[in-house]
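K.L.:
Listed below are the residues making up each chain.
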Amino acid sequence: MFYRGHIEYKCEPNLTPMIDCTFQLVVFFLLTLNFSSDEQSELIRLPSSELAKPVEGAVETPITVQVLASGKVLFGGDVLTSEELRGPLRREREAIRSVLGRKLKNATIIIRADRDVPTGKVQEIIKICQEAEFERFSLRAKWKQP
Amino acid sequence: MKFAAKQEPAGEVQLNMTPMIDICFQLIIFFMLSLRLYSPEGDFGISMPIASPREGLPDEQQMLPVKVRVRADKNGNPAGITLGDRKLQSFSELALQARDILGMDRGPAGTFSSSEIELDCDYNLKFENVIKVLTAVTGYLADDKQTIIRLVEKIRFAPPRPPAQEEPSKKPTHPAPSNPPSEKPAESKPPS
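Taken in order, these protein sequences are the chains called F and X.
According to this note's numbering, the first sequence is numbered sequentially starting from 1.
According to this note's numbering, the second sequence is numbered sequentially starting from 147.
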């Protein structure tokens, strides 16, 4: 049967607010994205300090050694004892030496130690790094806004 | 020849939004998954070359390091702080004293560049206390609460104390007469 007065209804949702929201979200995530290659493990609860302001500019040749509350060391994704750290550190040293223009003297060992780790453990790790001929160290802390 | 009469378009040109929304959602999901919310972190620099500079002839300009000794109780909490010879009660007192000692030396004729802090901590002292000491000693916040005024740049650790030696250091007044030269403890302690 054919009706002469047939009207075709087109139902289209208004997508503009949704696209607006989507763009807002994209921009938010884009701005909060952290592309830094720093190794940061969530297992470590860093001590906080007012003076530990984030440094501007990258640290030259950073090597991150993370110390868990148990005293174990997290290095390059592996959980090691402090003695087992010697091998990987030696490899890092040779790698730095083999790259032209990089000096071992300028390499910085960044120590991210849990706030409950015994200080002696951190000192042991520093000593092991010293024996691998590293000289510069940084103790990392969370920045507490005053 | 007869052409069918061309029908005019309705007048409204509609863009197909579906692919754009798809891409936007893809982007959101990518950013969401790669999002890592971390609070900002900063560093305290420590320079510890393996060849100790103290072994050579002393430099005329070089000042003796200001020694900060922190003792720990058996839980790893601070049990006593000493700055040089002065015994202090808290980290805030340490900050004030350090400002007195090191803050005077700022300026071109000061000894800012040569003053040094040596940290001597018990083995089992919790690491957060080291950061507290460094916060107290290495600088302070200016009145605007933003600018950091550095008091000292050179920080180093004293040779580490073995964990076994911290017990006698807590009780320095006892002459320990009960176990004089017994051989058992000497055997049980391996040389570090």
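The set of hints was computed from the structure by calculation and includes no laboratory data.
Errors might be hidden in some of the hints.
[What the hints assert, rightly or not] Calculated pairs, BS3-like style, for lysine-lysine (alpha carbon to alpha carbon, straight line, at most 25 Å):
#1 LYS142/F <-> LYS300/X
#2 LYS127/F <-> LYS213/X
#3 LYS300/X <-> LYS103/F
#4 LYS220/X <-> LYS53/F
#5 LYS300/X <-> LYS127/F
#6 LYS142/F <-> LYS291/X
#7 LYS300/X <-> LYS233/X
#8 LYS53/F <-> LYS144/F
#9 LYS213/X <-> LYS300/X
#10 LYS220/X <-> LYS72/F
#11 LYS127/F <-> LYS233/X
#12 LYS10/F <-> LYS53/F
#13 LYS72/F <-> LYS10/F
#14 LYS53/F <-> LYS142/F
#15 LYS300/X <-> LYS105/F
#16 LYS220/X <-> LYS127/F
[Claimed, not checked] Incomplete in silico selection of chain F near chain X, CB under 7 Å:
#17 CYS11
#18 CYS21
#19 LEU31
#20 GLU50
#21 LYS72
#22 LEU74
#23 GLY76
#24 ARG115
#25 GLN123
#26 SER138
All values derive from a computational prediction rather than experimental measurement.
Built from N, CA and C at the ideal position, the CB exists for glycine as well.
K.L.:
Decide, hint by hint, whether the structure agrees.
P.N.:
Do the hints match the structure? See the list:
1. For the hint pairing LYS142/F with LYS300/X, the CA-to-CA distance comes to about 21 Å; that is within 25 Å, so the pair holds.
2. Between LYS127/F and LYS213/X, the direct Cα distance comes to roughly 19 Å. Compliance with the 25 Å bound is thereby established for this hinted pair.
3. For the hint linking LYS300/X to LYS103/F, the alpha-carbon distance of about 21 Å falls within 25 Å, and the restraint holds.
4. The suggested pairing of LYS220/X with LYS53/F is violated, with an alpha-carbon distance near 32 Å, which exceeds 25 Å.
5. For the proposed pair LYS300/X and LYS127/F, the alpha carbon gap of about 18 Å is at most 25 Å, so the pair holds.
6. Restraint check for LYS142/F and LYS291/X: satisfied, since their Cα atoms lie roughly 17 Å apart, inside the 25 Å limit.
7. For the proposed pair LYS300/X and LYS233/X, the alpha carbon gap of about 22 Å is at most 25 Å, so the pair holds.
8. The hinted pair formed by LYS53/F and LYS144/F meets the criterion: a straight-line CA distance of about 8 Å does not exceed 25 Å.
9. Only pairs whose Cα atoms come within 25 Å are accepted, and LYS213/X paired with LYS300/X is accepted, the gap being roughly 12 Å.
10. Restraint check: the Cα-Cα separation between LYS220/X and LYS72/F comes to about 20 Å, which is no more than 25 Å; the hinted pair holds.
11. With a CA separation close to 28 Å, the supplied pair LYS127/F and LYS233/X exceeds the 25 Å bound.
12. At most 25 Å may separate the alpha-carbon atoms for a hinted pair to count; LYS10/F and LYS53/F exceed this at roughly 58 Å.
13. Among the hinted pairs, LYS72/F with LYS10/F is inconsistent with the structure: their alpha-carbon atoms are about 66 Å apart, more than 25 Å.
14. Note on LYS53/F and LYS142/F: the hinted pairing holds, with a Cα-Cα distance of about 8 Å set against a maximum of 25 Å.
15. For a cut-off of 25 Å, the pair hint linking LYS300/X to LYS105/F stands: about 16 Å separates their Cα positions.
16. A hinted pair counts as satisfied when its Cα atoms are at most 25 Å apart, and LYS220/X with LYS127/F qualifies at roughly 24 Å.
17. Checking CYS11/F against chain X: minimum C-beta separation of about 13 Å lies over 7 Å; hint violated.
18. Given the 7 Å rule on beta carbons, the hint for CYS21/F is violated: about 10 Å separates it from the nearest Cβ of chain X.
19. For the restraint placing LEU31/F at the interface with chain X, the shortest Cβ-Cβ distance is roughly 10 Å, beyond the 7 Å limit, so the hint is violated.
20. Taken as an interface hint, GLU50/F checks out: its beta carbon lies about 6 Å from the nearest beta carbon of chain X, inside 7 Å.
21. This hint is violated: LYS72/F has a C-beta 14 Å from the nearest C-beta of chain X, more than the 7 Å allowed.
22. Here the hint on LEU74/F is broken, as its CB sits about 15 Å from the closest CB of chain X, past 7 Å.
23. Of the supplied interface hints, the one on GLY76/F is violated, with its beta-carbon coming no nearer than about 18 Å to a beta-carbon of chain X, more than 7 Å.
24. Here the hint on ARG115/F is kept, as its CB sits about 4 Å from the closest CB of chain X, short of 7 Å.
25. For GLN123/F, the interface hint holds, since its Cβ comes within 7 Å of a Cβ in chain X; the closest pair sits about 4 Å apart.
26. Satisfaction of the interface hint for SER138/F is found here, the shortest Cβ-Cβ separation to chain X being roughly 4 Å, below the 7 Å cut-off.
Going through the hint list in order, the structure does not satisfy hints 4, 11, 12, 13, 17, 18, 19, 21, 22 and 23.
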